[in-house]
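With chain A fixed as given, assemble chain B onto it according to the hints.
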Amino acid sequence: MNGWILAATVELGGGGAAALWGVTTGPVARRVVAQNLTTAALCPALLLLAQGYGRPAYVDLALLLALLGPVGTLVFARLLHEDLEGRRPSAWGLTYAVAGVGAVVVIVVCAATGPGRAMVKLLVIGALLIGGNLIASRALSGGFQGVRGG
Amino acid sequence: MDRRTTPRAVLLAAGELLAWWAALALLWLVLITTVDTLERVVGASAAAAGALLARAGRRAVRWR
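In order, the protein sequences belong to chains A and B. The first sequence lines up with residues 0 to 149 when you count with numbering that gives the first Met the number 0. The second sequence lines up with residues 0 to 63 when you count with numbering that gives the first Met the number 0.
Isolated chain B (complex conformation):
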């Protein structure tokens, strides 16, 4: 079992992605004009892509 595939590491990664997704989806809901089903679906999808990018970016610029 690789160090990156231990249950603890997977849980941490999933937790981080979920936190990014929640924050980005909330930001989307705040910034749009009218809240309807289409906006929710598009916002959730965009937040999912954004969460992956945000985690990749944070790992790329990690200072320590």
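If we strip away everything but chain A, and leave its shape as in the complex, we get:
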């Protein structure tokens, strides 16, 4: 157990558990928001674990999650379009909070990695994670009204 793994455990135990609780309880609008925030809560933990175990290849898991998580949310937004009509589910405070946590984790891991291709990869993951999360949150809250079918 080192500091990286401890930080990942805190992240998983706090953010991951909160997201799981949000997904499994409450109305559908809250569940879908929690499902969207799960990616943003778990991806930084995967980056911290990769650093903690000293296996840069594990970063690929975070890359996949950052890429597929927002896409999954967009699928949910499309499938639940009628259930979410007029509700505009959103939690912008939480969304920006987890985006901030993701940014801090990416910056810290970048500082530990040092300049090079690995650092660019981490920055790509961070941009995908934060950008994808903000776009998916906006789609859930009905921010793209011009798009056919929601």
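It should be emphasised that the hints constitute simulated quantities derived from the structure, not laboratory data. Built from N, CA and C at the ideal position, the CB exists for glycine as well. Mixed in with the good hints, there may be bad ones.
[Unchecked claim] Incomplete in silico selection of chain A near chain B, CB under 8 Å:
#: 1; residue: 113
#: 2; residue: 116
#: 3; residue: 119
#: 4; residue: 120
#: 5; residue: 133
[Claimed, not checked] What follows is a list of derived Cβ distance ranges for each label pair:
#: 6; chain 1: A; residue 1: 122; chain 2: B; residue 2: 2; range: 47 to 53 Å
#: 7; chain 1: A; residue 1: 52; chain 2: B; residue 2: 40; range: 29 to 35 Å
#: 8; chain 1: B; residue 1: 21; chain 2: A; residue 2: 59; range: 19 to 25 Å
#: 9; chain 1: B; residue 1: 17; chain 2: A; residue 2: 110; range: 31 to 37 Å
#: 10; chain 1: B; residue 1: 58; chain 2: A; residue 2: 137; range: 34 to 40 Å
#: 11; chain 1: A; residue 1: 52; chain 2: B; residue 2: 33; range: 35 to 41 Å
#: 12; chain 1: B; residue 1: 14; chain 2: A; residue 2: 117; range: 29 to 35 Å
#: 13; chain 1: B; residue 1: 17; chain 2: A; residue 2: 66; range: 21 to 27 Å
#: 14; chain 1: B; residue 1: 56; chain 2: A; residue 2: 117; range: 38 to 44 Å
#: 15; chain 1: A; residue 1: 12; chain 2: B; residue 2: 36; range: 44 to 50 Å
#: 16; chain 1: A; residue 1: 20; chain 2: B; residue 2: 5; range: 56 to 62 Å
[Stated by the list, open to error] If you want a taste of the chain A side facing chain B, the calculated C-beta under 10 Å gives, among others:
#: 17; residue: 11
#: 18; residue: 59
#: 19; residue: 60
#: 20; residue: 114
#: 21; residue: 117
The following block gives chain B in isolation, referenced to the frame of chain A:
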């Protein structure tokens, strides 16, 4: 001469494909673990296919 085969249109299409190819090839080089000749060849080929798909996708979802 069709509107899509004027020199200007062909140049624009080639420029767009080249831009997509460069961006995708760069992304490939960033994401792989070890850079060697095989990876460069595979990456350049995948980026070429990806550039064609990206241009087709952009034209399909163009809003205006």
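Hints versus structure:
Because the closest C-beta pair between residue 113 of chain A and chain B is about 15 Å apart, greater than 8 Å, the hint is violated. Restraint check, residue 116 of chain A versus chain B: the minimum CB separation of about 5 Å is within 8 Å; hint holds. Look at residue 119 of chain A: its Cβ gets to within about 5 Å of chain B, closer than 8 Å, so that hint holds up. Using the Cβ-Cβ criterion of 8 Å, the hint placing residue 120 of chain A at the interface with chain B is satisfied: the shortest such distance is roughly 5 Å.
Annotation: interface hint on residue 133 of chain A violated; nearest CB of chain B at approximately 20 Å, more than 8 Å. Taking 47 to 53 Å as the suggested C-beta distance range, the pair residue 122 of chain A and residue 2 of chain B does not conform, at roughly 41 Å. The given range of 29 to 35 Å is respected by residue 52 of chain A and residue 40 of chain B, whose C-beta atoms sit roughly 32 Å from each other. One distance hint, 19 to 25 Å for the beta-carbon pair residue 21 of chain B and residue 59 of chain A, holds here, with the actual separation near 23 Å.
Checked against the given bound of 31 to 37 Å, the beta carbons of residue 17 of chain B and residue 110 of chain A, roughly 35 Å apart, stay inside it. A beta carbon spacing of about 24 Å between residue 58 of chain B and residue 137 of chain A contradicts the range 34 to 40 Å that was offered as a hint. The supplied range of 35 to 41 Å is broken by residue 52 of chain A and residue 33 of chain B, whose beta-carbon atoms lie about 20 Å from each other. Against the hinted window of 29 to 35 Å, the Cβ-Cβ separation of residue 14 of chain B and residue 117 of chain A comes to about 31 Å, which satisfies the hint.
Here the CB-CB span from residue 17 of chain B to residue 66 of chain A is close to 25 Å, well matched to the stated 21 to 27 Å. Distance hint check for residue 56 of chain B and residue 117 of chain A: the Cβ-Cβ separation is about 29 Å, which falls outside the suggested range of 38 to 44 Å. Remark: the range hint 44 to 50 Å for residue 12 of chain A to residue 36 of chain B is upheld by a beta-carbon distance near 45 Å. Range check, residue 20 of chain A to residue 5 of chain B: Cβ separation about 60 Å, and the 56 to 62 Å hint holds.
With 10 Å as the threshold, the beta carbon of residue 11 of chain A stays out of range of chain B, its nearest partner Cβ sitting at about 25 Å, so the hint is violated. With a least beta-carbon distance of about 8 Å to chain B, the hint placing residue 59 of chain A at the interface is held under the 10 Å criterion. The beta carbon of residue 60 of chain A comes no nearer than 13 Å to any beta carbon in chain B, farther than 10 Å, and the hint placing it at the interface is violated. Violation of the interface hint for residue 114 of chain A is found here, the shortest Cβ-Cβ separation to chain B being roughly 13 Å, above the 10 Å cut-off.
Satisfaction of the interface hint for residue 117 of chain A is found here, the shortest Cβ-Cβ separation to chain B being roughly 9 Å, below the 10 Å cut-off.
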